[in-house]
Every structure is written in C-alpha cells, then in structure tokens.
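Asks: Here are the chains, one letter per residue:
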Amino acid sequence: MEIDTSAFTEEAYELLSELEASLLELEESPGDQDLIGRVFRAMHTIKGSGAMFGFDEVAEFTHEVETVFDMARNKTILVTKPLIDLTLAARDQIRAILDAAAGGEPADKENAQRIIQGLRALLPGAGGAPAAGAAPTSKKPPAQASEDEPHVYRIRIKPSPDIFANGTNPLLLLSELRDLGEECQVIAQYDKLPPLENLDPETCYTSWEVFLTTQKSENAIRDVFIFVDDQCELNIRLLDREEVLGTDVQKIGNILVQRGDIPEEVLEQALKPIGDRLVEAGAVSPSQVKAALAEQNAIKSKRDKKVQAESAASVRVPSEKLDGLVDLVGELVTVQARLNQTASNRQDHDLQLIAEEVERLTGELRDNTMSIRMLAIGTTFNKFKRLVRDLSTELGKKIELTTEGAETELDKTVIDQLNDPLVHIIRNSIDHGIETPDIRIKNGKNPEGLIHLSAIHSGASVLIRVEDDGKGLDPEFLTRKAIEKGQIPPDSQLTDKEAFQLIFGAGFSTAEKITNVSGRGVGMDVVRKSIDALRGSIDVTSVLGKGTVITLKLPLTLAIIEGLLVQVADELFVLPLAAVEECVELSRRDISNAHGRHVINVRDEIVPYIRIRDRFEIGGTPPDIEQIVISDVEGKRTGFVVDSVIGQHQTVIKSLGSNFEHSEEFSGATILGDGTVALILDLSKMVRYVEAEEDLSEPAAA
Amino acid sequence: MGKKIMTVDDSSSVRQMVGLTLKGAGYDVVEAVDGQDALTKLKAAPVDMVVTDLNMPNMDGITLIKELRALPNFKFIPIVMLTTESQAGRKQEGKSAGATGWIVKPFKPPQLLEVIKKVLG
Chain A
11 MEIDTSAFTE EAYELLSELE ASLLELEESP GDQDLIGRVF RAMHTIKGSG
61 AMFGFDEVAE FTHEVETVFD MARNKTILVT KPLIDLTLAA RDQIRAILDA
111 AAGGEPADKE NAQRIIQGLR ALLPGAGGAP AAGAAPTSKK PPAQASEDEP
161 HVYRIRIKPS PDIFANGTNP LLLLSELRDL GEECQVIAQY DKLPPLENLD
211 PETCYTSWEV FLTTQKSENA IRDVFIFVDD QCELNIRLLD REEVLGTDVQ
261 KIGNILVQRG DIPEEVLEQA LKPIGDRLVE AGAVSPSQVK AALAEQNAIK
311 SKRDKKVQAE SAASVRVPSE KLDGLVDLVG ELVTVQARLN QTASNRQDHD
361 LQLIAEEVER LTGELRDNTM SIRMLAIGTT FNKFKRLVRD LSTELGKKIE
411 LTTEGAETEL DKTVIDQLND PLVHIIRNSI DHGIETPDIR IKNGKNPEGL
461 IHLSAIHSGA SVLIRVEDDG KGLDPEFLTR KAIEKGQIPP DSQLTDKEAF
511 QLIFGAGFST AEKITNVSGR GVGMDVVRKS IDALRGSIDV TSVLGKGTVI
561 TLKLPLTLAI IEGLLVQVAD ELFVLPLAAV EECVELSRRD ISNAHGRHVI
611 NVRDEIVPYI RIRDRFEIGG TPPDIEQIVI SDVEGKRTGF VVDSVIGQHQ
661 TVIKSLGSNF EHSEEFSGAT ILGDGTVALI LDLSKMVRYV EAEEDLSEPA
711 AA
Chain B
483 MGKKIMTVDD SSSVRQMVGL TLKGAGYDVV EAVDGQDALT KLKAAPVDMV
533 VTDLNMPNMD GITLIKELRA LPNFKFIPIV MLTTESQAGR KQEGKSAGAT
583 GWIVKPFKPP QLLEVIKKVL G
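Here the protein sequences come in this chain order: A and B.
To convert, count from 1 in the first sequence and add 10; that's my numbering.
To convert, count from 1 in the second sequence and add 482; that's my numbering.
The following block holds chain A by itself, in its conformation from the complex:
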C-alpha cells in the first residue's frame, strides 16, 4: 500500500534548515538550553516521522545523533565545536539520505559511520575508541530517547458538548493520560452543569484540568487526544520551566490571572488595598506601587504576546497555486483597465461608478495577492551563516557574518533566484576580500574580518548589500588586468566606477592562483546575468584597503512592473521606471550640434543615446522635438529617443512565449486598457546589443 511521503520529506527539509540555523546559533551561545532543546526536538521529529513513513535509514541514523545530543541536553557532555561540527555533518548526511530517496545520488554510508563514530567518541568514557555497545544499533522506541527528568504539565481539556455523539468516552482519555506519568491529579470543572431537570444526558458539560508529572514530551500528551483534536479545546502548559523555577513561586493572584480565572482588573482591585496599606504605613510611596504594577503588566503582556506569536496560525499552500492566483489577478488587472477605458468612452456615469469600484477592489486584490507571495529574506540570509563558517575555516580566515533587515520581504521568485548570485558575491568577499588574520593584524585591522549582509526597502525596490572590510578593489590593477586580457583597449582611461564594473566581465579573474573557492573567472558575470534576469542592477563601491560594498537593487516583484509608457509612431513601448532618471527634449538643433554622433549634452554631461525608431526600423518622420528618456543602465547614463512620453503605467508582465524567446531586447509585453500590446524594453540588453554592433562596424572606435 502506497503511503504519501511527500509530506514527510517536505517537513524534514524544513526541519533540517531549522536544525542548521539552531546549530549555528548554538555555536555562538553553547550554553543556551533553549537552543539545545530546539536542536534535539528537530532531530527527534525527523526520527519519529522518518520511522513512521518508512525512512528507516533516516530514523536509525538520526537516532544515533539524537542520543549523543540528548547527553548535551542533560548536561552530561558539553556543547563543543567538535560536537557542532559533527552534528552539522550529520544534518548534511540526513539531507543526502533524503535526496537519495527522492532519486538523487545514493548517500555515502561510510560517511554516516564516520559521523557516528566521531559522535560516540565524544561520549564520556569513550576515550576515542568506538564504544562497544555504548549505543545499540537496533532501533529503540522513540519515547525512550526523549526520557529525561520528569516535567509537570497543566493540561486543560474542554470537550465540545457533542463529543459523545462520536462514541468518545472522555474518561478513557483521562485514564490514558494517567498512564503516561507517575503523578497525575485530575480536577473536574463542573460549574457548567445545569440543574437536573434541564440536564441533557447526551451532552458533555464537564471540563477537566489535569496536573501530570511525566517524562514524556508534550507531543506524547497531544497524541492522547489525536481522535478528538477538533472536538476538544486542549491547552497544555509546562509548569516547571526553567524561568518559572528560577524565580520565586508565584502569588496565587498572579496564577489565577494567568490561568484566566479572574481578569487582571479584579486582581488589581484585590491588590490595591495592599499597596494602599503599605502607603499608609509609610513603607512605600503611591508611585512606587504604581510602578511595580506597571512592571508586572509589562512583563506579562510581553510574555503573552510571545506565546501568541508562537501559536500564530498559518496556512501552507503549494506555490503553484499562488502562481495561478497571480496570473489570474494579472488578467483581472488588464480587463479592469479595459473596463475603465470603456466606461469613460461611453460617458455613462453609472458604469463609471462601477468601474471605479472595481478598480479599487482590483487594486487591493492585486496588492494582497502580491503580499501573499512575499517572503522574508531571513531564511536566505541564515543559509549564508553556514557558508561563511565553512569557507572561512577552509581558508584559515576568521570572519564574522552580521545580518540586518532579515524581515525585509521580497517576492518568492526573486528570493529563489537570489541565492546563487549572493553565494558568488559572498564567496568572492571571503576569498578575495577578507585578508588572512596575520595580514589584517599587520595592516592594523581587527584579525576577525567582517561581512555585513543587509536588506532594506527603497521605493518599489529592495536593496541588498554585501559589505566586507577586506582589502578592497584596486581600480588600477583591475584596468591593467583587463588590458592584459585584451578585454579593453590598451590606452583605456577608466574612472574608478568603470574599473569596478570590469569584474563583471566574462572570464575576468584577478586571483593570483585558483583556489577551491573562487578565482576561475566564472562568477561575477553570471551574477550580473542573474540579476539582469531579475530586472535588478548591481552597484560596486570600494575603498582600497578598507573594503568593498556590493549593492543589488531588486524589484519587489517580478509579476508587476512600474513602467514609463512611450510612443514611437504608432508603436507603444514600456521602459522600466526603476531605471528611468529623467526625460529631456531632443530638438533638431541638438542633433546638428552633435555632428552626426548619437550624444546629447545634458547639463554639461555627454550622454549617448539610442534611437528606438532606427533600432526597430519603425517608419515615419519623427516630430520636430523628440523626447529622450535618460536611464541608468549598468551605472552609465544612456538615453532612449522616442516620439512622445505618455506617462507612468503600472503593468502586469506577460511573457512573450517561445516564439519570441530570442528577441533579447524585450523582457516581455503588456496589454493596455484598450487591448493594445506594448512591448517592455530590456534596457541593458539593448545597450549591450548596440555596443556590440558598433564594435563590429568600427573596430577602431575608442
């Protein structure tokens, strides 16, 4: 019989990334019991559900790792770097096993053995030798592994009144709970019980509070209620948490409030006389009492919020469904624009009112839909912690990665495609940017290098910055290298900014020797291509000896573009507004002043331009005064000449389909309100295209 394992693998992958993040955090604060608990729980869940879904190899392997980590949880062994290294390796191994099950390469069994032996060597009394019988290879029941000192739980059970209709006997659940632990106190709450004449024997009026001391986990308790989880309000609270035991036993009033038995106001009322009496006795001032109450409130509300946030509900939806929704909303936006246009053409007031209402709703629907696809970039950032850690160890460098703006949200598609470029950039920073500790000390720097990863919103874009405090880029060196490789003419005079752009050339590498990490000259050109594909841009600034900052500017979403609608003869085009800097007029006089060259003087700056009419061979005569849309294309100002600028236009991007996949100058198309199609220009590709053609026709051009 087939069992659907995708739910398990999906969950397992998620748990693995959580595991990794927790381990890396744990490395920074090895004593944090919370983190140790998190690591342990993640492994425990993987093991448990792995066994259930037939992933015996995962279950057995994870069991071994978990056993060792359990010792750390019980403080039998300390959390050390070797332990974290091995557990990280184990995490990778589990991933490999899962990948293998999904049809990937088979996992390396010897590696698994090495990890397990390494872990066993950490156990007390192991002495480095493979501990004979220290951890039996046969599977143990999961419950046994979670055994540690017993905990006290408060379990509130409030069955729905109709629970008997399903043949459930709540008393059996209570006795099952009783079997879980050594001490169990059950208190029935029967205040809802009506007088006998009103009592319906088929209705459940009673609820229970159970105080259970058990070695079992909260999940084991929840398992008791597996058949009635939708018919039962269940509230489980660990009463002897560290922070509770650490402080004094709470006052009965506080407990009543926390249990929700009396509202805070009542407690306040009841407590007031004490404060008043103290004030009367001259022991405290009224403001002191007030402050103490405020303090109590503050802490309590903070904690309540935390609990609330933890249990915040969310729905998991396959991303294809979201993509479908976005597509449909895109269609709707297009149709709505047509509705608006039709309504205004008809001059029908009633229709216009409806169209306006539809416009408002469509706008909200669009924004909402887009926001659903937004994910915080934090998970991507977290992955880099591991990268930095591993690479810096490999290269013998000390590097700290700090992040900022992890909560910044971006479209899921953008985030997915951002991973590889960021990996390249960070690798480069680690390999070429940050110096080895001895060189850093010699240069008067902190031996520990710093890479700062940040994300912030800026208008309709997100800026992602990778900063390092390494040796920086040397513009002269870059220029020399590029000349050596014949990538630029020998007598080139480049500004610093232009020189920095050289690193994005295909095959460009400044590394003296090729390392495992980078230096093969593939990388930054790929980075630029990926960022182009995302309709983003890259900016590099660097101070020699101080460090480098690489800034990626990315659109919030790929489905919608803020565009500038322009017209050439009867053709309409959309230019991405993010790149547009200004619009200036191009008169006949400007053209004759330039003596046949396609450049214009804008406030004493010479800006080259591309005539869209010529480029696409559109016929007709241009108007006397044309418009130049000046855009920032890869750090260079470039103009695009059009007949007229119609205005700003928010458009839904439609892909051109396979017939036009080679038309590189367009990134897509959009449908306007009246049904006309406007092509969206890919500015950087256009510029590169034109440059390439000019190079061919006039090879001597400087």
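Simulated from the structure, these hints should not be mistaken for laboratory data.
Hints are not guaranteed to be accurate.
Capping the alpha-carbon separation at 27 angstroms, the derived lysine-lysine pairs in DSSO-like fashion look like this [what the hints assert, rightly or not]:
id, chain 1, residue 1, chain 2, residue 2
1, B, Lys548, A, Lys226
2, A, Lys202, B, Lys577
3, A, Lys168, B, Lys523
4, A, Lys408, A, Lys452
5, B, Lys573, A, Lys331
6, B, Lys485, B, Lys557
7, A, Lys168, B, Lys548
8, A, Lys226, B, Lys590
9, B, Lys548, B, Lys525
10, A, Lys202, B, Lys505
11, B, Lys557, A, Lys168
12, A, Lys168, B, Lys505
13, B, Lys599, A, Lys168
14, B, Lys505, B, Lys525
15, A, Lys168, A, Lys300
Derived list of chain B stretches under chain A, where covered just means 3 residues or more per stretch with a C-beta under 8 angstroms from a C-beta of chain A [said to hold, decoys possible]:
id, segment
16, 547-559
17, 582-592
All C-beta atoms in this analysis are idealised placements derived from N, C-alpha and C, irrespective of residue type, glycine included.
Once you have looked at the hints, place chain B on chain A.
Replies: For chain B alone, kept in the frame of chain A given last:
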C-alpha cells in the same frame, strides 16, 4: 465475558488479521463483509464496538457509520474506521459521520490494539 467487537471489511485477509488480533487480546469478534451485512447483523445482535473499512461494495463505511449513529443502540458506541487514505479529508468525512477514531492502513496488530484500548477502554 470479553467485550464484543465487529470487524467490517470486504477483504477476508483484513477481517482475518483484525479477528485474530482481537481474539488474541481476549475480545469476542463478529465479522461482516460490507455495510449492509453489518447493519443487518448488528440490528439482530448489538456489539460493544465496530471496526469498519471505508470502501466496500453495497454500503460503504461512511454510510454505515451514519446509519448506526441514527440507531439508539449504537448512538454512543465507539466506531473506528480503517482507512488507506491518510488524507485529512477522508478522516474528516468519517468524523463528521460520527466515527470515534481511525486507523491508517497498513497497520500492525499492536497499533490496532492500542487504538481499541484508547476508545473502548
């Protein structure tokens, strides 16, 4: 005298496996081959609990549960459904019809007994 449990399944091998497991644990077992058969037999002689498959000819498990819950004798007895579909939808349908719990096939005898103990005591 042990409690009496009815196992309803069109597959004789499942009936046999459930039957042997339950008898081994000291329960009395009666068998039915589909919902219709079960309903007829149960009306003649009530039991303490029903374990039923969902997909069966003549009358499926969900209908059986609904029919049973409408009879005074079976309003509150535990009814456990056997389901291959681990999907929540099928379980939910059964729960709404009045099922007490479920066992996802394939299962092993100890798992069956665990569930029986949970709902029958």
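Asks: Take the hints in turn and mark each one as holding or not.
Replies: Structure-based check of all given hints:
| no. | hint | verdict |
| --- | --- | --- |
| 1 | Lys548/B to Lys226/A | violated (37 angstroms) |
| 2 | Lys202/A to Lys577/B | holds (26 angstroms) |
| 3 | Lys168/A to Lys523/B | violated (36 angstroms) |
| 4 | Lys408/A to Lys452/A | holds (15 angstroms) |
| 5 | Lys573/B to Lys331/A | holds (24 angstroms) |
| 6 | Lys485/B to Lys557/B | holds (17 angstroms) |
| 7 | Lys168/A to Lys548/B | holds (25 angstroms) |
| 8 | Lys226/A to Lys590/B | holds (23 angstroms) |
| 9 | Lys548/B to Lys525/B | holds (14 angstroms) |
| 10 | Lys202/A to Lys505/B | violated (41 angstroms) |
| 11 | Lys557/B to Lys168/A | holds (21 angstroms) |
| 12 | Lys168/A to Lys505/B | violated (35 angstroms) |
| 13 | Lys599/B to Lys168/A | holds (22 angstroms) |
| 14 | Lys505/B to Lys525/B | holds (22 angstroms) |
| 15 | Lys168/A to Lys300/A | violated (37 angstroms) |
| 16 | 547-559 | holds (count 4) |
| 17 | 582-592 | holds (count 5) |
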